[in-house]
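As a plain string of letters, each chain reads:
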Amino acid sequence: MDGVHDLGGLDGFGPVEHTPSEPLFDEDWERRAFRLMIGWIATQHPSGGRFRHSIERMAPEHYLSSPYYEHWLTGAATMAVEAGFATQDELDRRAGGRFPLSAPDRGVLPADLTPRTTPRYAVGDEVRVREWHPPGHTRAPRYVQGRRGTVVRVDGAFDIDDIAAHGGGSVADPLYAVRFTSRELWDEAGADGEVVCVNLFERYLEDPR
Amino acid sequence: MTTDHHHPTEMAPIEARVAAIESVLVEKGVLDTDVLDQIVANFEDNLGPMNGAKVVARAWSDPEYRERLLADGTAAIKELGFEGPEGEYMVVVENTPKVHNLVVCTLCSCYPWPILGLPPKWYKAPAYRSRAVREPRKLLAEMGTDIEADVEIRVWDSSAEARYLVLPMRPDGTDDMSEEQLAGIVTRDAMIGVQRL
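Those protein sequences? They're chains R and D, same order as listed. Going letter by letter, the first sequence gives residues 0 to 208 in numbering that gives the first Met the number 0. Going letter by letter, the second sequence gives residues 0 to 196 in numbering that gives the first Met the number 0.
Some hints could be false.
[What the hints assert, rightly or not] Derived Cβ-Cβ restraints for the label pairs, each shown as a range:
id: 1; chain 1: D; residue 1: G143; chain 2: R; residue 2: H44; range: 18 to 24 Å
id: 2; chain 1: R; residue 1: G168; chain 2: D; residue 2: K137; range: 39 to 45 Å
id: 3; chain 1: R; residue 1: P14; chain 2: D; residue 2: V150; range: 32 to 38 Å
id: 4; chain 1: D; residue 1: D36; chain 2: R; residue 2: E187; range: 48 to 54 Å
id: 5; chain 1: D; residue 1: E147; chain 2: R; residue 2: G95; range: 53 to 59 Å
[Claimed, not checked] Only some residues are given here: those of chain D computed to face chain R with a beta carbon under 8 Å:
id: 6; residue: E9
id: 7; residue: V29
id: 8; residue: L30
id: 9; residue: F42
id: 10; residue: Y64
id: 11; residue: R67
id: 12; residue: P119
id: 13; residue: R136
id: 14; residue: A159
id: 15; residue: E160
id: 16; residue: R169
Simulated from the structure, these hints should not be mistaken for laboratory data. All residues carry an ideal CB built from backbone N, CA and C; glycine is no exception.
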């Protein structure tokens, strides 16, 4: 989905508020939210895509205005409600106020669920990222969709997140690192001497036109 | 999200929301907080940049290890005992006089847990995630790291399975240092690529 989590290239967020070191958790609730999600993953085994998409479906204004572990809390609670362990009413009642959850999953599975393990591309090949803006989970960032790049690494085959996230199970797909020049991505706003390498599944790629 | 008039409009405090879902899942037998506390303690005590620093120091000290590390990061890192979630597929990218590497996750917060621990707040925040792929040289300069114009900046977006470790250049004047002393000068930021040593 074209959500606000897909942040690559957006303007306006200002300087990085860098700290050379910091405690793992500033506050106790952060530790508990982390523990909650770790426990959910350990017992319910959501795919990585389902976990991440439970967060991506947060209301945009909530996502951008909340601290990091509030994302994990909201995602875990959303998955728990969707799995029938709790209801929105029960969470509101127990929390003594509104408990915002993520929006419903709008993801759709592709018609073709055939696993693939033999890579179609090799290092040095030119590829183009398909531009298809799926309604569900994907690991193809918006800023590379439609852009041309060069394969710089072939990673073997992995289960593609887009399918597992929406109940399609484990479907293998070859994975690559694809290098894009800054000029290809950002044109006049780009710079020479800067490149970005993105880890992309073969299903995201097509031959360049 | 339901917003009809039967539901409260005021958002519950974060602590109350954590307690609400936690209590539900404990009662349903999904969460065993005692067991989970041990897992969290492992993150707090055993995972962190001190692990990655050992990998870098070994690579600086042992050319054959460096070659193995660059050829198969996962296996070479496992030789030092570091493996686990978010470290299943490790790729090591080496800085040279002509290339500076930088790691980001634009879509979420992917980070190599076994060797760097959990990511710092700024790594997960929108400013870093949005700008690292758009204006990395400017961003690095703002963060105190000036990369010369003739050095290529190579940004790695951890957008799928690969988790990255930057192998920094060994600083001058460290020829006499032991591997242990070398590990002591390797920083988290250098292994992400936002700092030069």
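Verification of the hints:
no.: 1; hint: G143/D x H44/R: 18 to 24 Å; verdict: 42 Å, violated
no.: 2; hint: G168/R x K137/D: 39 to 45 Å; verdict: 43 Å, holds
no.: 3; hint: P14/R x V150/D: 32 to 38 Å; verdict: 22 Å, violated
no.: 4; hint: D36/D x E187/R: 48 to 54 Å; verdict: 53 Å, holds
no.: 5; hint: E147/D x G95/R: 53 to 59 Å; verdict: 57 Å, holds
no.: 6; hint: E9; verdict: 5 Å, holds
no.: 7; hint: V29; verdict: 5 Å, holds
no.: 8; hint: L30; verdict: 4 Å, holds
no.: 9; hint: F42; verdict: 7 Å, holds
no.: 10; hint: Y64; verdict: 21 Å, violated
no.: 11; hint: R67; verdict: 17 Å, violated
no.: 12; hint: P119; verdict: 6 Å, holds
no.: 13; hint: R136; verdict: 6 Å, holds
no.: 14; hint: A159; verdict: 4 Å, holds
no.: 15; hint: E160; verdict: 5 Å, holds
no.: 16; hint: R169; verdict: 21 Å, violated
Hint check: violations occur at hints 1, 3, 10, 11 and 16; the rest are consistent with the structure.
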